[in-house]
Structures are given as C-alpha cells and as structure tokens.
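Required output: the full structure, derived from the provided sequences and hints.
4 protein chains.
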Amino acid sequence: MIAQNLNVVKEPKVFPDQPRREIRMPQLEGYEIIKGDFHLHTVFSDGSVWPTVRVQEAWRDGLDAIAISDHVEYRPKREFLSGSLNQVHDIALPEAEKHGIILVKAAEITRRMPPGHLNAIFITDADELENESWQEALEAAQKQGAFIFWNHPGWQAQQPDTCIWFDVHETLYRQGLIHGVEVYNFDEWYPVALDWCRDKNLAFIANSDIHEPVPYMPGYSNYFRPMTLVIASEKTEQAMKEAMFNRQTVAFFAGKLAGPQQWLEKLFHASLVIGKPFNVKPDGSASVTLTNLTDIPITLQNEQGRTFRLEALSALVMPVENYRKGLELPFLITNFYIGTDQNLKISLSLH
Amino acid sequence: MIAQNLNVVKEPKVFPDQPRREIRMPQLEGYEIIKGDFHLHTVFSDGSVWPTVRVQEAWRDGLDAIAISDHVEYRPKREFLSGSLNQVHDIALPEAEKHGIILVKAAEITRRMPPGHLNAIFITDADELENESWQEALEAAQKQGAFIFWNHPGWQAQQPDTCIWFDVHETLYRQGLIHGVEVYNFDEWYPVALDWCRDKNLAFIANSDIHEPVPYMPGYSNYFRPMTLVIASEKTEQAMKEAMFNRQTVAFFAGKLAGPQQWLEKLFHASLVIGKPFNVKPDGSASVTLTNLTDIPITLQNEQGRTFRLEALSALVMPVENYRKGLELPFLITNFYIGTDQNLKISLSLH
Amino acid sequence: MIAQNLNVVKEPKVFPDQPRREIRMPQLEGYEIIKGDFHLHTVFSDGSVWPTVRVQEAWRDGLDAIAISDHVEYRPKREFLSGSLNQVHDIALPEAEKHGIILVKAAEITRRMPPGHLNAIFITDADELENESWQEALEAAQKQGAFIFWNHPGWQAQQPDTCIWFDVHETLYRQGLIHGVEVYNFDEWYPVALDWCRDKNLAFIANSDIHEPVPYMPGYSNYFRPMTLVIASEKTEQAMKEAMFNRQTVAFFAGKLAGPQQWLEKLFHASLVIGKPFNVKPDGSASVTLTNLTDIPITLQNEQGRTFRLEALSALVMPVENYRKGLELPFLITNFYIGTDQNLKISLSLH
Amino acid sequence: MIAQNLNVVKEPKVFPDQPRREIRMPQLEGYEIIKGDFHLHTVFSDGSVWPTVRVQEAWRDGLDAIAISDHVEYRPKREFLSGSLNQVHDIALPEAEKHGIILVKAAEITRRMPPGHLNAIFITDADELENESWQEALEAAQKQGAFIFWNHPGWQAQQPDTCIWFDVHETLYRQGLIHGVEVYNFDEWYPVALDWCRDKNLAFIANSDIHEPVPYMPGYSNYFRPMTLVIASEKTEQAMKEAMFNRQTVAFFAGKLAGPQQWLEKLFHASLVIGKPFNVKPDGSASVTLTNLTDIPITLQNEQGRTFRLEALSALVMPVENYRKGLELPFLITNFYIGTDQNLKISLSLH
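From first to last, the protein sequence lines are chains A, B, C and D.
Okay, so the first sequence: first residue is 1 according to the numbering used here, each after it adds one.
Okay, so the second sequence: first residue is 1 according to the numbering used here, each after it adds one.
Okay, so the third sequence: first residue is 1 according to the numbering used here, each after it adds one.
Okay, so the fourth sequence: first residue is 1 according to the numbering used here, each after it adds one.
Hints are not guaranteed to be accurate.
Pairs count within a copy or across copies, as identical chains cannot be separated in the list.
Claimed, not checked - With a cut-off of at most 25 Å between alpha-carbon atoms, the simulated DSS-like pairs for lysine-lysine come out as follows: (1) K325 - K266; (2) K266 - K281; (3) K200 - K241.
Derived from the structure by calculation, the hints contain no laboratory data.
Predicted model only: the values in this text are computed from it and were never measured.
What follows is the structure, given as structure tokens:
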C-alpha cells in the first residue's frame with residue numbers, strides 16, 4: 001500500500017498540468033478571431049490579485065489578448081502599493097511574453113456619471129491620464145492613440161433606473177473620444193446600448209471587469225468568460241488595434257453574441273453545418289441534421305415560433321416539411337443580437 | 001412562490017432536451033470520418049435494454065453508425081423473448097432512420113476458444129448464422145457479404161494468461177473469414193493484437209460490447225465511448241463497408257488511437273496547429289503554441305523524453321531551443337499506436 | 001509507454017466500480033426515512049429496460065425501495081413479451097435481494113380520465129387486476145391489501161387545461177380505494193393536488209414514472225431523482241406499508257419537499273444547525289452561520305422578504321439585527337410546501 | 001426574446017451566490033473537528049493574492065481556521081510591498097471576523113536545510129521573527145507562545161534524494177522548538193515523516209502551502225484541499241491551540257488520513273454505519289451494507305486482500321461468509337496511516 005520512495009510521494013491528480021482550454025471559433029476566410037478581455041483589475045487598484053495572475057488566467061481560459069485597466073483615480077490599497085500605474089504593465093509583460101498573450105497597456109478613467117467610467121486601451125503612459133479634468137484625461141489618452149470605450153453604461157450604482165446616453169457622451173463621441181461601449185460587463189448587459197452601437201457605429205464590447213480571481217466567476221461552467229471577439233487580419237496587437245478602430249468586434253457573453261449584422265452573419269454561416277436531408281417521406285416530410293462545430297451556442301427560431309437550441313459542439317435533427325432541394329428556411333437567431341430588440345435573421349438553404 | 005398555473009408546473013431542468021454531443025474530428029480532405037460502435041447487445045440476447053435504446057444512445061454520444069450484434073447461440077432470455085434474431089434490427093431501424101444513424105445488421109457468433117467470439121456485420125439474415133458448425137456459420141456470413149472480426153481476443157474468460165493467434169485463426173484468415181480484430185473491447189485492450197493487425201493487414205477495431213445502458217460506462221466523463229473510426233469517402237453504409245474492407249479504420253479508445261501508420265499520420269497533422277514562434281531570445285530559445293482543435297488527445301514525447309500532453313480542444317506552449325525557421329522537431333506520439341510496442345513518429349516543422 | 005502485460009491491459013477509469021450514492025437525510029429520533037420510487041416501467045409494458053436494471057439504478061441512486069408498476073392494460077411489446085405480469089417482479093426480485101433493496105409488487109391500472117391511471121402497490125397478484133371494469137380492478141387490488149394512489153392527476157394528455165378532482169375520485173376515496181396522490185410525476189408537479197392531500201389526509205407521493213434508463217433523466221445532476229420519503233419505524237417492507245397507510249410520507253422533487261406540516265417541521269429542524277452568533281457589534285448587529293447537513297436544499301425567506309438559499313451540505317452566514325440570546329427569527333421555507341399556496345413557517349431561536 | 005428592462009439585464013447564472021461547501025465530518029462525542037490550513041501565502045511574500053482572498057477561499061472550501069504564513073526572509077515583491085509583516089494579519093482580520101473564520105497570526109521562517117522552513121503559528125508579532133539566527137528567530141516565536149512545525153521535510157529543492165531528520169531537528173525538538181511536521185504539503189507527502197510523528201509524539205500536519213489562487217489547485221474536484229483536522233473541545237482559537245499542543249491532529253490529504261491510532265480509530269467508527277445483514281442463505285453467506293456518512297473516503301482491505309472502496313457519502317454491499325451475529329471481521333484501512341508503512345487495523349462487529 002506504500003509507494004516505494006518513502007521520502008516523497010507526488011499526488012499528480014491534486015495539481016495536474018492545466019493546459020489552455022481552447023475555445024473553438026468559426027473559421028473566417030482571411031481573418032483571425034482574437035478573443036480579448038479588455039477590462040481587468042489587480043491589487044494596484046481595487047482588485048485582489050497580482051498582475052501576473054491576469055495573464056495566467058487569460059491563457060487558461062483560451063483568451064488571446066487582455067488589457068489590465070486599473071483605476072487611475074481610485075486606488076484603495078495606495079497605502080501599501082503606490083508609485084506609477086505603469087508598473088502593472090511592466091510586471092505582467094514578461095508573463096504575457098512567456099505565454100504568447102497580447103498584453104495591451106490600459107487604464108480606467110473613473111468618474112461620476114456623466115461621463116462615468118471609461119477605459120483607454122493601447123495607451124503608452126498611464127500616469128499621464130491622472131488629471132483632475134476628465135476631458136483632459138481623455139484627450140491625453142487620445143494623443144497616445146488610445147481606443148476608448150464607455151464602461152458598464154447601465155451600472156445601477158451610477159444609473160439606478162436608467163441607461164441614458166448623456167449629452168456629455170454625444171459631445172465626446174463627436175470629438176472622437178468614444179470608440180466603443182461595453183454592452184456587457186461582469187454579469188449584466190444593457191440592451192439599449194446595442195442600438196447605440198448599431199446606429200453610431202461604435203464597437204460592441206464585452207468584458208469581465210473582474211476584481212477577484214477569475215475562477216470565482218462560476219458562470220465559467222455554464223458559459224465562457226465574457227469576451228470581445230476582434231475580427232482581425234492577423235493575431236498581432238497592431239492588427240487588433242486596426243480592427244477595433246474599424247469596428248470589427250463582436251461581444252460574446254452569457255451564451256449570446258452582439259455585433260454588426262454583417263459579422264454576425266459571417267460567424268453564423270461559418271459555425272453551422274447543414275446535413276444532407278434524410279428520412280424523406282412521400283408526404284414531403286424529411287429530417288435534417290444541424291451541427292454546430294464551434295463553442296458559440298446557436299438558438300434558431302422558425303416562422304412558427306418553434307425554437308431549436310444548438311449547444312456548443314453539438315447537433316440536432318430538425319424536421320422539415322415540403323422538402324425539396326434548395327428549399328429556403330428562414331430563422332431568427334434569438335441569441336445573436338444586432339440591436340436592442342433586433343435579432344439576426346438568416347435563411348438556411350437545404351441540400 | 002407559487003407558479004401561476006396551479007394545475008401543472010413543468011420543471012425543465014429535470015428533463016432538458018439532450019442534443020447530440022458532437023465529437024470534433026480532424027478534417028481529412030476527401031474523406032468523412034464515420035464514428036462507429038459495432039458490438040452492442042440488447043434484451044434479445046444477454047443485454048438489458050430494448051434495441052431502440054442503442055440508437056438513442058448512439059445519437060447522444062455523437063456516433064454515426066452502429067451494429068447491434070446479439071449472440072446467435074446465447075440467448076438467456078429466450079424463455080421471454082424468442083423468435084428470429086432479425087427482429088432486433090427491425091425494431092431498431094425506424095429509430096435509426098429518425099436520427100440519421102447508420103444501422104448495420106449484425107450478429108455475434110459465440111463459441112469457445114478457438115475461435116472464440118466473432119462479429120459478422122453487414123449481414124442480411126442473422127438466422128442463417130445459427131449453425132452447429134462455426135465454420136459453416138462463418139461461411140454463411142461470408143456468403144451474405146459480411147465483414148467479420150474477432151472479438152476481445154485476450155478476454156480472460158477465454159484466454160486467462162495469453163492472447164494467442166491460434167492456428168484456427170490463421171486458417172480462417174486465409175479463408176477470408178476474418179477481416180479485423182477488436183484491439184479494444186469494453187474496458188480493456190490487447191497490445192499484441194496491434195502487431196497482428198499491422199502485419200496481416202487486418203482492420204483495427206474498438207467497440208464498447210455494452211450490455212447495460214451506456215451511461216453506466218462512466219468512462220464517458222473521462223474519455224469518450226470506445227469507437228472505430230472508419231475513414232470513408234462519404235457517410236453512407238456502402239462507403240463505410242468499402243472502407244472497412246479496405247482497412248481504413250482506426251480504433252479510438254481510452255484516449256488512444258491505434259491504426260495503420262499512414263492514417264494516423266494524416267489524423268495527427270490534421271489535428272494539430274503549430275503557432276508562429278514567439279518570445280524568440282538572442283540565445284535561440286523561443287516558444288511555440290501547439291493547439292489541438294479536435295476531441296482526440298495527443299501526447300508528444302520529444303527526443304529528451306519530455307512529454308507534452310495536449311488535451312482535447314486545448315493548447316500548450318512548448319519551449320524550443322536553437323530556433324530557426326524550418327527547424328524540424330521529431331516526436332513520438334505516445335498515445336498513437338501503430339504496433340504492439342510501436343508508437344507513431346512524426347516531425348514538426350516550425351514556421 | 002507500453003504496459004508489461006501485452007496480452008491484456010485494463011483501463012480502470014473507463015468502467016470504475018460505481019458505489020451507491022448515499023443521500024444524506026436528517027436523522028429523526030425513532031424513525032428511519034425510506035427513500036422510495038413507486039412508479040417505474042420496463043420492457044414488459046412500455047419501458048425500454050429489463051426489470052433488473054430498475055433495481056441496479058435504485059441502488060446507485062441511493063433509494064431504499066421501489067415498485068415496478070407496468071401497465072396492466074397497455075403492453076405495446078406484447079408481440080415479443082407476453083405472459084403473466086407477475087414475471088416482472090419474479091425477474092427483479094433476486095437482484096433486489098442481492099442489493100438489499102425493498103421491492104414491492106405493483107401494477108398500474110391504466111384508464112381514460114376519470115379515473116385516469118392508478119398505481120396499486122403491495123399487491124400479491126398483478127394478473128387479478130386485469131379486468132374490464134376499473135372499479136373491479138381496484139377492488140381486486142384492495143382485497144390484496146394494496147396501497148393505491150392516483151398518478152399524475154394534471155397530466156396534460158388527460159387533463160389538458162385542468163387538474164380536477166372528479167366525482168369519481170371522491171367516490172373512490174370514500175370507498176377507501178385511493179390512499180395517496182402523485183403530487184409530482186417525472187418532470188412536473190400539480191400544486192392544486194397539495195391541498196387535496198392536506199385536506200383529505202392523503203399521502204403525498206413523488207415518483208419518476210421513468211420508462212427509459214434513469215441516467216437519461218439528467219435532472220440528476222441538478223437535483224436527485226424524484227422520490228417519496230416514507231417515515232417508518234424501520235427499514236422493512238412491513239413498516240413502510242404501515243407508514244404509508246398512516247400517511248407518513250413526504251414528496252421530494254426538484255429541490256422541493258411537500259408533505260404534512262408536522263413532518264416537514266421535524267425534517268427542517270433535524271436538517272439545520274444554527275451556529276453560535278459571532279461578530280457581535282455594539283449596535284446589536286451580529287452574524288450567524290446556518291449549516292445544512294443534509295442533501296435537502298432549504299430556502300428561507302425572512303419577514304423583509306430576503307431569501308437565503310442553503311444548498312445541500314453547505315453553510316451560509318446570515319446577518320442578524322438587534323441580537324440577543326433567545327431571539328426568535330420567523331421564516332417562511334419557500335421550498336417546503338404544506339399546501340397549494342402554503343409554505344412551512346418556522347422560527348429560529350438564536351443561541 | 002428581450003427582457004423587459006432594456007436598461008440592464010442581470011445574468012444570475014454567471015455569478016451565482018457561492019455558499020460555503022460544508023465538509024461532512026464524523027461526529028465525535030465531546031469534540032469539535034476544526035478544519036484548518038495553516039500554511040498560506042499572499043502578495044506580501046511570494047504569493048499572488050491579497051490577504052482577504054485567503055479568508056474568502058477558506059470560507060468557500062469549508063475550512064474553519066487558517067494561518068497566513070508569509071515568508072519572513074523572502075519577500076520578492078518588497079520593491080512594491082514593504083513594511084511590517086503584521087500588516088497581512090491586520091488586512092485579513094476583518095474579513096475573517098465577517099465569515100466566522102479563525103485567523104491565526106503566523107509566519108514562515110525560511111532557511112536552507114537544515115533546518116529548512118518552519119511555520120510558527122499563534123504568534124503575536126511577526127516582525128520579531130526577523131533575525132539572522134534561525135535559532136533566535138525560533139526562540140522569539142517560542143516566547144510568543146507559538147506552535148512550530150517543520151514544513152515539507154522531503155521537498156526536493158532542499159532534500160533531493162532524501163528525507164532525513166537532521167541532528168539540528170533533534171536538537172530543536174528537545175528544546176521544544178518543533179511541535180509538529182507537515183507530512184503533506186501542496187501536492188506531495190513524506191511517508192517517512194509519519195514514523196517521526198508517531199515515535200516522537202509530533203502533530204501530524206497537512207497544508208496547502210498555496211501561493212496562487214486556490215481554485216488553481218484542481219485536485220479540488222478529485223479531493224478536497226489538504227487540511228489539518230484539529231480535534232478540539234470547541235471551535236475557538238484557544239481550544240484549537242490547546243488541542244494542537246496536545247497532538248490532537250490528523251492530516252487529511254489526497255483522500256488519505258494520517259494521525260495517531262487512537263484518533264483514527266475514533267474517526268473510523270464514527271464515519272461508518274454497518275447495516276443489518278440481509279440475504280442470509282442456508283450456507284451462511286450473507287450481505288451487509290456499509291455506509292459512509294462523511295466526506296472522508298474509506299478503503300477497507302479484508303484478510304484475503306480484497307479491497308472495498310467507500311467513497312464519500314456512499315454505500316456498498318459487502319459479501320460475508322459464515323455469518324453469525326457478533327461475527328468480528330478484521331480489516332486494514334489502507335488509506336488511514338498511523339506510520340510510514342503502517343495502516344489502521346480495525347474489526348467490524350456484525351449485527
């Protein structure tokens with residue numbers, strides 16, 4: 001019953017190697033889908049982990065890019081941890097290089113509403129964003145070439161009963177100081193913000209805004225961590241930045257996608273395989289297997305209101321009536337959003 | 001606290017729709033990989049479920065094809081269930097058609113060793129296999145065009161301390177009455193049988209041989225159900241039969257593959273994506289991400305004996321020394337078997 | 001890389017021993033809680049498994065008693081399986097004796113509504129229940145000493161928009177031909193039936209009514225299998241029968257309990273441990289740990305409407321105001337039902 | 001498909017309330033079993049989380065007591081985080097009080113071997129342990145009333161091929177400067193250390209020594225976190241300290257227990273329920289159900305070498321020969337250790 005080496009016995013099942021959990025995305029011809037979480041905190045502001053932990057978590061969770069965005073103006077642990085906010089990036093960078101994770105320098109400008117909280121990512125010096133005037137802070141970020149997005153616009157601590165696009169935001173938007181909006185943050189989303197993104201051509205963003213260790217977000221086992229899919233020409237920081245300024249982003253959160261119609265359509269058709277109809281009967285009824293080869297679930301609703309849920313990496317058999325080759329079946333994809341109360345519409349063409 | 005309809009309240013979480021769990025296979029140009037389990041039992045011999053259950057299980061488990069192979073000579077429930085053995089197929093067929101599962105008519109010729117138990121699949125009439133002489137039973141199957149394989153050759157009930165290829169098997173093999181061997185059955189495998197398959201050009205077969213409901217085989221959560229991958233030109237019974245007679249099969253069991261070298265090589269290269277080297281240092285060290293986009297785990301061992309385990313749908317970062325573009329790295333794939341003590345050797349070419 | 005015995009290698013993780021999953025019940029002084037499922041089907045009526053499977057499933061799932069209640073009048077597999085309905089019990093009994101499971105002989109009298117379907121359990125001869133008149137069939141069961149309950153009264157196939165206690169049921173009830181009601185069946189429950197049980201002193205019953213292999217009921221991982229808790233003097237068939245006729249039953253389904261107030265109170269207080277208050281502050285605020293040492297979840301709602309959910313085998317810290325020793329805190333237990341819209345009320349007394 | 005509040009929609013499944021996972025222990029008359037982990041690190045030495053995280057983790061994992069034992073002499077983040085080591089305790093204490101977790105002040109004296117690393121817990125001032133002489137550091141701890149244990153004696157970084165009790169340790173032991181030994185640390189254990197504890201009357205200790213967030217220790221799902229069970233008169237810091245000095249501890253790690261024979265015996269008998277024999281046959285064979293009502297697995301080996309594994313909260317049926325009332329069955333409990341190659345022996349007395 002006793003192992004042979006009495007000095008030390010390893011229990012490999014206690015601490016197994018944890019490889020990266022790859023998230024299966026559709027393949028888009030000519031593009032790479034970069035999985036990013038651009039809103040994270042550490043002990044340097046009000047988070048509870050060291051910056052390197054954010055990189056390790058991103059690796060394990062299948063992300064390609066992160067931004068650690070500690071609060072510029074809110075540093076409750078300053079008594080213990082002070083100095084330049086750029087330290088966070090410097091500490092995390094070697095870990096990111098080790099894992100091949102794109103680490104974007106970032107900071108969160110943290111004000112009362114309006115304008116609320118805004119993340120500036122792709123910055124070069126976080127300390128320059130420390131400025132009593134938020135207008136000047138944002139302009140400093142802009143000068144550094146930052147991509148700026150408004151965080152959690154409907155956060156109830158700042159907008160208890162509303163989720164309003166204030167005049168202040170309109171002004172910032174016209175000044176080129178807002179390029180995107182978090183339509184999802186942590187464990188909540190803001191349906192009205194979907195129309196803002198669609199109508200004003202803003203990037204759809206979803207982030208975790210996590211302060212604790214990520215595994216405390218147990219939605220993990222139900223869904224993936226919220227993330228922003230950036231559809232870029234290649235997996236580099238530069239290509240990702242260009243794609244974000246070009247609004248080639250899709251928010252992926254709680255089993256839902258939200259983004260521009262053209263990209264959701266491409267993602268949909270690259271995710272779903274329509275089988276050859278079988279069990280064709282004289283009365284025209286037949287069966288078709290729909291297979292989802294990605295980790296994005298898909299919920300289809302047909303014209304009669306019947307719903308078909310295709311979980312990640314799964315398949316279902318759909319009954320078809322009046323089958324003929326080339327028959328077009330229209331569906332509403334009820335977990336793909338292109339606006340506040342607007343879902344993606346697609347048509348499946350049968351073999 | 002009470003739902004509004006006081007007559008009846010559904011609890012959807014108790015009995016959710018169970019979609020098919022699709023198993024992610026590598027894409028082989030010009031081929032379809034058919035996932036099959038060709039050894040199953042029902043109440044018509046010594047199993048404990050009705051034939052339709054085997055089809056439903058196959059659907060949920062991501063299989064494409066099954067053979068229900070009740071024992072011809074061993075029917076312990078005959079007192080309750082008698083009549084033609086073809087009934088099994090007739091009962092299961094409508095369920096198979098409903099789900100688009102290929103159901104192959106089959107039976108298990110069940111004798112003492114030698115020759116032991118043999119499965120005949122693609123038969124047309126199971127009752128013709130009821131014959132006192134196993135030689136004649138096998139010839140009857142052959143006349144029906146059957147593909148015949150030897151089941152669990154090292155089963156300890158029949159070969160307690162050995163796993164021998166008897167003279168009887170050699171004779172049958174020369175008569176064209178054995179086309180494959182189960183190198184894996186239920187929860188065990190037979191390493192010596194791998195050399196038989198390699199040297200005699202027999203099909204490598206893995207089956208569950210399940211008698212109970214499949215969910216009682218809890219290896220499910222550790223691995224998948226054992227299965228035979230048939231590499232066919234299309235997903236039809238005819239193409240599958242041709243591929244099997246052409247020995248285009250790979251056994252997939254307990255996280256391992258066993259099959260002909262050429263097919264394992266193809267499967268390997270279609271499963272693994274080698275990333276662009278990063279973190280390249282002046283001393284020539286670099287990092288490379290290896291991503292496994294399939295549900296087949298891959299264990300690589302380098303020349304120094306270090307092991308890298310790539311779980312299903314996961315990635316790992318491998319350190320590289322003396323990096324240069326085009327560098328060839330040799331590996332032994334220790335969970336891919338081409339013979340009894342012979343693993344697949346491959347070479348990874350760096351970008 | 002190759003195991004030493006090349007003849008046969010076992011993969012123990014594929015088919016591990018499956019012990020019984022014991023369900024942790026509260027300890028009631030002087031009583032045993034028998035966990036029963038009294039409504040199961042097999043291939044002998046419209047189920048899909050052999051009778052022995054029902055015993056094996058009961059053992060694994062932590063049950064103590066089952067009744068296999070195949071339909072007397074509905075035997076769609078009669079073409080294959082005919083003969084006495086008592087065969088089911090005879091086949092399953094040795095398996096039950098092997099596992100120490102109480103196997104109660106039973107049958108389901110299967111008619112249009114009214115009276116619908118009724119289970120007779122503790123019968124001695126199922127064949128005597130085959131009678132054109134359901135009145136006579138029930139009387140035959142009564143003569144055998146059966147405990148009779150009405151199955152799924154709100155089943156939509158029989159009562160599409162209602163769940164009515166018909167005059168027929170009132171008559172049967174007065175004749176002593178109905179002793180209990182399934183308030184829960186498979187994946188649904190009938191809130192109105194809770195008042196019937198309370199007001200007419202009928203036994204609260206919950207059963208699976210499973211036809212397929214039980215693991216196909218995936219609520220398993222969310223909850224346990226539905227079951228009837230019989231509070232008996234000892235774990236024997238005789239004591240169980242007495243307890244059922246004495247209405248000492250509680251239905252346990254989908255994370256809920258339904259039963260007589262006195263028994264729910266006893267179960268509640270035997271499940272919950274109230275810790276010593278800590279973190280007591282000068283303003284009277286304090287914290288109390290509530291620990292649930294059973295597998296029955298408990299949801300407490302305080303007078304302000306705040307809800308505390310105590311999962312199985314878990315604990316939570318509850319804030320208390322105006323703490324003093326002996327303070328009584330009233331709660332509604334929103335997942336313990338004593339009537340249609342009536343939850344158990346309890347009071348926690350602080351140390 | 002859209003929720004009614006378009007401003008903000010919560011996704012409760014993403015971040016559900018996480019109650020404490022209570023670990024079911026045997027009930028020992030007159031004692032409380034305190035579950036402790038007395039070796040933890042934070043960002044104040046070489047850990048990666050804030051001190052409050054250690055308390056939250058302990059709560060969720062079902063622990064009652066922890067000691068955060070940052071390294072006195074090794075503080076690689078000192079450039080960022082400096083000052084008194086007592087800060088760690090001060091930061092974590094309010095969180096501990098909020099959850100009712102016993103937080104013991106501690107520090108790890110961190111030297112080359114010998115004497116290696118030693119934890120001093122129940123100290124009053126960590127800064128006084130900063131002393132070039134480890135002898136003086138240990139004496140300072142002793143003056144504060146510390147309970148001192150030797151950490152990971154067979155850690156391969158310090159004892160690559162051995163696990164030796166050095167003369168230095170013998171001297172410290174005689175000076176009353178070592179009261180216990182970690183027989184388990186993180187993912188490994190040291191069989192030889194079990195004999196030291198038994199023969200020298202030292203406390204058996206098991207700790208996680210975790211540096212990362214605890215959920216990164218995935219053995220979680222296989223086992224619990226390693227912990228030291230302190231068998232105390234009540235759940236207070238004072239009672240726990242007395243019990244530890246009195247050697248009333250049992251190490252619980254990787255599904256194993258190690259401790260003094262008398263306590264393992266008590267724990268065993270309080271964990272296991274022996275059912276009434278059933279299925280008694282004329283030849284004397286019978287069946288007995290063994291039920292484990294705790295979260296400690298139990299592996300019994302009978303005199304014929306057959307092994308019975310009783311998982312947490314589970315049951316099994318054991319065959320018995322020559323049954324008679326009062327029959328004594330001897331077993332070796334192969335996962336309960338009282339010495340290096342010595343398992344607990346017990347006798348089960350049949351009803």
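Okay, the hints, checked on the actual structure:
Proximity of K325 to K266 under the C-alpha cut-off of 25 Å is restricted to the intra-copy arrangement: shortest distance 23 Å within a copy versus 34 Å between copies. Neither within a single protomer nor between protomers do K266 and K281 lie at most 25 Å apart by alpha-carbon distance, with minima of 33 Å and 38 Å respectively. When the C-alpha separation of K200 and K241 is checked against a cutoff of 25 Å, the pair qualifies only within one copy, where the shortest distance is 19 Å, while the shortest distance between copies is 58 Å.
When held up to the earlier numbered hints, the structure conflicts with hint 2 and nothing else.
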